[in-house]
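Visitor: Sequence:
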Amino acid sequence: MSVVLRVPGDVDLAVFQRVAWQREPVALTDEAVERMQGSRRAFETFVAASADRHLYGITTAHHRGAATLLSAEERVRYARRVPATPASFGPSLPERLVRGIVLARLAGFISGTTAVRPALAAAVAAMLDAPMPMVPARGRGEAGEIGTLRAVFGGLEDEVELEAKEGMALINGAPAAAAALADAALTGRARLPVAEEVMALAFDAAQAPEAHLDPALQDVWGDSHQAAALTRLRALTDTGDAPRSGHQAAVAFRDVPRMLGWLHRVQHWAEECATISLAAPGDNPIFAADGTAGLGARIISNAGYHDARAAPMLNALAAAWADLASLAAVQATRLAENPAGLGADERVPEVTLLSMTALGWAEEARLAAAPTLISLGGSPPSDTSSPALLAWRLAQDAGACLEATLATLAVLATHTIIAGRRRPPRALRPLADAVADSFPPGLAAGKYGPALETIAGDLQRRIHP
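Numbering-wise (this note's numbering), the sequence shown opens with residue 114 and increments by one.
These are computed hints drawn from the structure, not numbers from a lab. Do not take every clue at face value.
[As the list claims (entries may be wrong)] Cβ pair distances, simulated, as ranges:
1. R539 to E476: 28 to 36 Å
2. P199 to D143: 32 to 40 Å
3. K560 to R367: 18 to 26 Å
4. P244 to A180: 33 to 41 Å
5. S488 to G407: 33 to 41 Å
6. G473 to L408: 55 to 63 Å
7. E208 to R119: 21 to 29 Å
8. R539 to G570: 23 to 31 Å
9. G570 to H167: 17 to 25 Å
10. P553 to D351: 21 to 29 Å
11. A180 to M114: 43 to 51 Å
12. G570 to G178: 44 to 52 Å
13. P563 to E274: 49 to 57 Å
Here a beta-carbon is modelled for each residue, glycine too, at the ideal position from N, C-alpha and C.
Work the whole structure out from these sequences, hints included.
Guide: Next up, the structure:
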């Protein structure tokens, strides 16, 4: 079933998931086509009356070529090709992300501000019915996304007879940043409940007091996202038969609702920013029709190639995931070192040694949480670059390391509960039973690695269906 696009706002996270992750095709409504047609006619009228003006990528070339007007013949030749950009090589972006880039570029096209013809928008939409091009994921130092977008859309110059501004519209804007942020936001949405379950299982294994999740804290803390985390943790740990400690638990267990509350907040922000970015992926230059903002028709050169939300928001997700991995690793150590816990059942250290594994994964998550600041730049006019795709790759790494840390913590928590001859709370039994099935008590040490990989894979399938 095709996703039908009428206005840019139709491209939200739900549509992104359908098109990018679930591989659904896209169709454009008559209204969208008419909007593009009207914008194109107004654009052509404006350009015909402005042949003596410097219109970036229209009456001039791009980059340093912006200083020189093209002749009429040069303008036609220039318009027929997608402009040259820096190339890269190496591992490719995943297909779902490339599909997301195509979808976000369509959202910009149907706004009318790119002034492309409906025929080009239809050709871009048709890309979603075919295998995606291979797009190198790394080595991106250009301003905006021109190299990435040429790798995505460059082949269209051999399929569609491009006209003025259309080649630039294919490689300018920030649809890759929008897609990267949307992809991470959807992943984070699925990762959050998994983290809550594993953290709740560890909370129960530590026999942490119910007071740490007291409903009164919701009013005291005054944070709706922390309240959501408290509510969820109480639901997950309800009906447990653990004899609760009479004194406060280690900081790593008391911090759980606060840290998960922060992740709730960052996730909310990520989804909000991704929704804005998908519907307005930018373009440079844009065409403003006569009457826009009370002024005449004009070409506006702008920073539409740089989505300033994307990298900082991806950095925030990566940092929140790395923080949670650090917390999970410390919890793993507390469970392993408790002399009355799992270690009491081990004549020599065995399963408890996995706390070191958790620490190793958490350290890798911390490395992946490095900020990706805007670059100090190179030669003008393209004198800085936009780090959204680098931020996305690091966030991917941080999230994967969190999943590995959670898998290790789940083993230690499950074995601690089993060693105590207890059953976990009802809501957590499916998780604990699955962990025990893959990593049963008495498992030979040589099989620990494959068993951990199985458990991590089970968690990842919940996050990346």
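Visitor: Hints first: check each against the structure and report whether it holds.
Guide: Taking the hints in turn, this is what the structure says about them:
no.	hint	in the structure
1	R539 to E476: 28 to 36 Å	holds (35 Å)
2	P199 to D143: 32 to 40 Å	holds (39 Å)
3	K560 to R367: 18 to 26 Å	violated (34 Å)
4	P244 to A180: 33 to 41 Å	holds (40 Å)
5	S488 to G407: 33 to 41 Å	holds (37 Å)
6	G473 to L408: 55 to 63 Å	holds (59 Å)
7	E208 to R119: 21 to 29 Å	holds (26 Å)
8	R539 to G570: 23 to 31 Å	holds (25 Å)
9	G570 to H167: 17 to 25 Å	violated (56 Å)
10	P553 to D351: 21 to 29 Å	holds (27 Å)
11	A180 to M114: 43 to 51 Å	holds (49 Å)
12	G570 to G178: 44 to 52 Å	holds (51 Å)
13	P563 to E274: 49 to 57 Å	holds (56 Å)
The structure fails hints 3 and 9 (numbered hints given earlier, in ascending order).
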